[in-house]
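Student: Chain by chain, the residues run as shown.
Protein chains: 6
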Amino acid sequence: MESIVRRDELTTRFRRGLFVGRFQPFHLGHIGAIRTALEHVEELIIVVGSAEYSHSDKNPFTAGERVEMIRAALKEANIDPSKYLIIPIRDVHIHATWVPFIVSQTPKFDVVFTNEALTSRLFKEREYKVERIPFLQRDDYSATEIRKRILKGRNWESLVPKSVAELLVKIHGIERIRELAVSDNPTGAEK
Amino acid sequence: MESIVRRDELTTRFRRGLFVGRFQPFHLGHIGAIRTALEHVEELIIVVGSAEYSHSDKNPFTAGERVEMIRAALKEANIDPSKYLIIPIRDVHIHATWVPFIVSQTPKFDVVFTNEALTSRLFKEREYKVERIPFLQRDDYSATEIRKRILKGRNWESLVPKSVAELLVKIHGIERIRELAVSDNPTGAEK
Amino acid sequence: MESIVRRDELTTRFRRGLFVGRFQPFHLGHIGAIRTALEHVEELIIVVGSAEYSHSDKNPFTAGERVEMIRAALKEANIDPSKYLIIPIRDVHIHATWVPFIVSQTPKFDVVFTNEALTSRLFKEREYKVERIPFLQRDDYSATEIRKRILKGRNWESLVPKSVAELLVKIHGIERIRELAVSDNPTGAEK
Amino acid sequence: MESIVRRDELTTRFRRGLFVGRFQPFHLGHIGAIRTALEHVEELIIVVGSAEYSHSDKNPFTAGERVEMIRAALKEANIDPSKYLIIPIRDVHIHATWVPFIVSQTPKFDVVFTNEALTSRLFKEREYKVERIPFLQRDDYSATEIRKRILKGRNWESLVPKSVAELLVKIHGIERIRELAVSDNPTGAEK
Amino acid sequence: MESIVRRDELTTRFRRGLFVGRFQPFHLGHIGAIRTALEHVEELIIVVGSAEYSHSDKNPFTAGERVEMIRAALKEANIDPSKYLIIPIRDVHIHATWVPFIVSQTPKFDVVFTNEALTSRLFKEREYKVERIPFLQRDDYSATEIRKRILKGRNWESLVPKSVAELLVKIHGIERIRELAVSDNPTGAEK
Amino acid sequence: MESIVRRDELTTRFRRGLFVGRFQPFHLGHIGAIRTALEHVEELIIVVGSAEYSHSDKNPFTAGERVEMIRAALKEANIDPSKYLIIPIRDVHIHATWVPFIVSQTPKFDVVFTNEALTSRLFKEREYKVERIPFLQRDDYSATEIRKRILKGRNWESLVPKSVAELLVKIHGIERIRELAVSDNPTGAEK
Numbered sequence: 001m002e003s004i005v006r007r008d009e010l011t012t013r014f015r016r017g018l019f020v021g022r023f024q025p026f027h028l029g030h031i032g033a034i035r036t037a038l039e040h041v042e043e044l045i046i047v048v049g050s051a052e053y054s055h056s057d058k059n060p061f062t063a064g065e066r067v068e069m070i071r072a073a074l075k076e077a078n079i080d081p082s083k084y085l086i087i088p089i090r091d092v093h094i095h096a097t098w099v100p101f102i103v104s105q106t107p108k109f110d111v112v113f114t115n116e117a118l119t120s121r122l123f124k125e126r127e128y129k130v131e132r133i134p135f136l137q138r139d140d141y142s143a144t145e146i147r148k149r150i151l152k153g154r155n156w157e158s159l160v161p162k163s164v165a166e167l168l169v170k171i172h173g174i175e176r177i178r179e180l181a182v183s184d185n186p187t188g189a190e191k
Numbered sequence: 001m002e003s004i005v006r007r008d009e010l011t012t013r014f015r016r017g018l019f020v021g022r023f024q025p026f027h028l029g030h031i032g033a034i035r036t037a038l039e040h041v042e043e044l045i046i047v048v049g050s051a052e053y054s055h056s057d058k059n060p061f062t063a064g065e066r067v068e069m070i071r072a073a074l075k076e077a078n079i080d081p082s083k084y085l086i087i088p089i090r091d092v093h094i095h096a097t098w099v100p101f102i103v104s105q106t107p108k109f110d111v112v113f114t115n116e117a118l119t120s121r122l123f124k125e126r127e128y129k130v131e132r133i134p135f136l137q138r139d140d141y142s143a144t145e146i147r148k149r150i151l152k153g154r155n156w157e158s159l160v161p162k163s164v165a166e167l168l169v170k171i172h173g174i175e176r177i178r179e180l181a182v183s184d185n186p187t188g189a190e191k
Numbered sequence: 001m002e003s004i005v006r007r008d009e010l011t012t013r014f015r016r017g018l019f020v021g022r023f024q025p026f027h028l029g030h031i032g033a034i035r036t037a038l039e040h041v042e043e044l045i046i047v048v049g050s051a052e053y054s055h056s057d058k059n060p061f062t063a064g065e066r067v068e069m070i071r072a073a074l075k076e077a078n079i080d081p082s083k084y085l086i087i088p089i090r091d092v093h094i095h096a097t098w099v100p101f102i103v104s105q106t107p108k109f110d111v112v113f114t115n116e117a118l119t120s121r122l123f124k125e126r127e128y129k130v131e132r133i134p135f136l137q138r139d140d141y142s143a144t145e146i147r148k149r150i151l152k153g154r155n156w157e158s159l160v161p162k163s164v165a166e167l168l169v170k171i172h173g174i175e176r177i178r179e180l181a182v183s184d185n186p187t188g189a190e191k
Numbered sequence: 001m002e003s004i005v006r007r008d009e010l011t012t013r014f015r016r017g018l019f020v021g022r023f024q025p026f027h028l029g030h031i032g033a034i035r036t037a038l039e040h041v042e043e044l045i046i047v048v049g050s051a052e053y054s055h056s057d058k059n060p061f062t063a064g065e066r067v068e069m070i071r072a073a074l075k076e077a078n079i080d081p082s083k084y085l086i087i088p089i090r091d092v093h094i095h096a097t098w099v100p101f102i103v104s105q106t107p108k109f110d111v112v113f114t115n116e117a118l119t120s121r122l123f124k125e126r127e128y129k130v131e132r133i134p135f136l137q138r139d140d141y142s143a144t145e146i147r148k149r150i151l152k153g154r155n156w157e158s159l160v161p162k163s164v165a166e167l168l169v170k171i172h173g174i175e176r177i178r179e180l181a182v183s184d185n186p187t188g189a190e191k
Numbered sequence: 001m002e003s004i005v006r007r008d009e010l011t012t013r014f015r016r017g018l019f020v021g022r023f024q025p026f027h028l029g030h031i032g033a034i035r036t037a038l039e040h041v042e043e044l045i046i047v048v049g050s051a052e053y054s055h056s057d058k059n060p061f062t063a064g065e066r067v068e069m070i071r072a073a074l075k076e077a078n079i080d081p082s083k084y085l086i087i088p089i090r091d092v093h094i095h096a097t098w099v100p101f102i103v104s105q106t107p108k109f110d111v112v113f114t115n116e117a118l119t120s121r122l123f124k125e126r127e128y129k130v131e132r133i134p135f136l137q138r139d140d141y142s143a144t145e146i147r148k149r150i151l152k153g154r155n156w157e158s159l160v161p162k163s164v165a166e167l168l169v170k171i172h173g174i175e176r177i178r179e180l181a182v183s184d185n186p187t188g189a190e191k
Numbered sequence: 001m002e003s004i005v006r007r008d009e010l011t012t013r014f015r016r017g018l019f020v021g022r023f024q025p026f027h028l029g030h031i032g033a034i035r036t037a038l039e040h041v042e043e044l045i046i047v048v049g050s051a052e053y054s055h056s057d058k059n060p061f062t063a064g065e066r067v068e069m070i071r072a073a074l075k076e077a078n079i080d081p082s083k084y085l086i087i088p089i090r091d092v093h094i095h096a097t098w099v100p101f102i103v104s105q106t107p108k109f110d111v112v113f114t115n116e117a118l119t120s121r122l123f124k125e126r127e128y129k130v131e132r133i134p135f136l137q138r139d140d141y142s143a144t145e146i147r148k149r150i151l152k153g154r155n156w157e158s159l160v161p162k163s164v165a166e167l168l169v170k171i172h173g174i175e176r177i178r179e180l181a182v183s184d185n186p187t188g189a190e191k
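Just so you know, the sequences run in chain order A, B, C, D, E and F.
One point on numbering: in my numbering, the residue at position 93 of the first sequence is 93, and numbering is uninterrupted.
One point on numbering: in my numbering, the residue at position 16 of the second sequence is 16, and numbering is uninterrupted.
One point on numbering: in my numbering, the residue at position 162 of the third sequence is 162, and numbering is uninterrupted.
One point on numbering: in my numbering, the residue at position 55 of the fourth sequence is 55, and numbering is uninterrupted.
One point on numbering: in my numbering, the residue at position 172 of the fifth sequence is 172, and numbering is uninterrupted.
One point on numbering: in my numbering, the residue at position 155 of the sixth sequence is 155, and numbering is uninterrupted.
Honestly, the hints are just simulated from the structure, not real lab data.
Warning: the hint list may mix true and false statements.
Repeated chains share a single entry, so a pair holds when one copy, or any two copies, can fit it.
Unchecked claim - Once the Cα atoms are required to be at most 25 Å apart in a straight line, the calculated SDA-like pairs of lysine to any residue come out as:
(1) 152 / 179
(2) 170 / 155
(3) 124 / 152
(4) 83 / 153
(5) 162 / 93
Excised from the complex, chain A in its bound form (with noise of 0.2 Å):
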């Protein structure tokens, strides 16, 4: 089953990993993926990628807001700040420098985690080490999922922390959504 870990390879301790995502919004399976990448780094880089998007229906949240929906999460998880970095990494939209430029922006590390078949591979690619990680209940705890549940007035709160739902409502995040998803045009040009 793909989401298992590979126990064998994830023995290993490393000093440093990344972990990337763009947390449209932050949920409950980030939470499950970062505790077990954690049991195997001594520190865990997390990168919140797109990070020039927002407003857009993929991408409704500035790179700042989910910086602190992440921190507020796990600080409500009760993990250790000093166990983790959170780095806004922009598109660079050119694969080949792609990973090189993530380099250039985080301290250095030793294995990255991921699920992601591009990510993984471009990693590869440039003989990183890179570990699958499972995500718990994936098909609930999915960021689309939980966008989709938003739009049509479903319960989504479950699936998120609570200091995540507080922080969408504060910020009229589910207003965003629902404003975003009537727009006819991504650019913010009238027709």
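Place chains B, C, D, E and F on chain A using the hints.
Tutor: Positioned in the frame of chain A, the structure of chains B, C, D, E and F alone reads:
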């Protein structure tokens, strides 16, 4: 009904207004919208959005051609040239800085006229006053409809000012729209 | 003498002319140049170059502020608003595509007014007609001289239209120029 | 019929021709096209378009890998290396400056070989001579078809030069295309 | 005196503060500044500016190396990791959108600590509260001074935290600064 | 002495080498360097750096003009066209991704020939083999010296291949260099 102007609001007079569009092409609905806006402001800034794009199915005309269309159409409509400015603005692709970028490229304004959901939200998040504006016969007077009619060889001339129809013919715009429709390659490269 | 207009050439009338400047700030020399140009064209496109820059020692004002200056000054000078267009254009940084980019952002023109060597060469290489234009009292009526006088607290108001002087004061432009002069860091970052 | 060369035109000899493609991958149809073009020019510039893209479903290979394919295939086909140049060109995303950008990156040329509608239009608008070129067995000899066959595990080797097939295997290109097909995320970021 | 903190202001407590620097390299003056700032805020966002630059005389270190320096130095100084966030931010080169871009990449903040004139002006123009902060022994504790000493082989270790000195040696930063000084070509291209 | 080749190293034969230059213009020193490099590799990739720049004092010629110079000069020097490739590469302005970008745009290489300090360091940091290469009569055979001589009207023709001298004259390169020298405005905008 969504495209009815909120008259209570618009009894207020503003110093300068902003009206954003792509104008691919400029049509009679735009003329109607500009006339309405001009009843409520001393001066109107007409922003030609997605200014760097042209020669694609959604953006067939260059910003320069669009500026020329608007200039000719407003002259034809006897709209006083001291009442408006036409400013082309490129897409910045970062929604979080789109409004500040527009603000940096235009004289100070105090109201924004738009019916588009994202445009409206981005300006409101920065505390700008945003007004809806009634587009006359919205379904017909749409640039998408006009491009579709040009493609299908149906009557489109009645939807645009006479001067715009003449300009489109003069710059071979009809052929351009038809040729772009059969191109399978938006970046201009052969497969 | 370099700044004498070649009258033989300029007896020709052109349909539309282009006049490129950065206008940091717009001054009486520019007014003189525009008046001269307007004797030879039906319509003049005033390009506000380096449009994305502001808040630096060479480019203190935003494109929007510069458009507002030009608009106010031409109104003060009673120049017919149907005779000119003001188009802000960002730097493309690739000289080989600078002229085609300007062409794509402006209505069709058939003559370029400039005294600047590179601007002149780039348009001539693309077969555009380029005309020199006499700037009145060139040494004084220069934007560099005006910024220098503002910095040193000497009289600069006599070099710009009254409306520009008022606008500069209203937007706190004097303080801005002086503060930028003591900044040791053009990208806004602390060392 | 569209892919028939207009022989009347092509009896003319040109000094230097331009042939634009993405070559994802380079195949036997391209070889045929280059042979035909070389009958009519002294030297052919082969432009590798979308040069900055790789590791995506439509653009699996880097420009460097594509240059290496073309070089090897033309050697295998005994085409004289003094007769062609291979120039990678990135997308500029602004159609209005795409042709001037290509012109700035290549030696002077006097004819363009292409069957693509937009490429053809953009060059013609700048007064370049554009010639259609017959692709051998167009339906099969298409890069899209080859990528599809690789994905489905069907025979693709017969559609490309032997040297290209070997290179694709050597750089693990087959696995790359298959892995990219299951990636749900073109920017390399985890959801 | 310029570097004296305005104590009347700073008796106020803020929720979150922003401190911008390039940190080339991070030194004892920065530690002092951060300690002072932390007396007045619950959390401090440390922005690593010019994040995309490295390997140049003014910006020898990558953002990742700078993040690692700061992290190590703050740990060495026993500063509570729940009290700060480190966010690398690239230059946007458009001063008019620099502050909105920073705002989009960081959690909400209500005070900015800076002594730099342009940084101060840009935040004040957007109505942010800006506080000066006393740098200890400013002339010595400057990154420019440290890079100069490294070049000249004079003592620089006493100006940075011990952990930073160790990291600089470990990543061969001393050699890097010296080699960059003899490069005559900032873009890495041979003449 | 710095420009002496380390003969012990260069007894090794490499598969493919990389030689980076801006070639403004291409001169006899470059020919000498290429001849030397070709003694040690089967194929040489000649990278034309800063490819997007032209019409400035340091970069007067377009990449296309430079490719044409190199092609003509190597033909004049009877260098086998199957032995080299010419690849224009734009500046990426991010030193940390410059080498990976070059690698993505070129066929695989196993040695880099350069005397430039930064180029050398960036390739060495990525574990590439870097070789110094003796430039013949370095002081004279420098592009800077040639541009200076052209400006001052002194003999420059003896420093470049005959075919390059002819091409420079044909494209009016001499006038271009002289006109650019009197331009006070590198971005082509009037002050």
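Student: None of the hints should be skipped; say for each whether it holds.
Tutor: Evaluated hints:
no., hint, result
1, 152 / 179, "within (12 Å within a copy, 33 Å between copies)"
2, 170 / 155, "within (17 Å within a copy, 50 Å between copies)"
3, 124 / 152, "between (39 Å within a copy, 24 Å between copies)"
4, 83 / 153, "neither (36 Å within a copy, 36 Å between copies)"
5, 162 / 93, "neither (34 Å within a copy, 32 Å between copies)"
In this structure, the hints that do not hold are numbers 4 and 5, in rising order.
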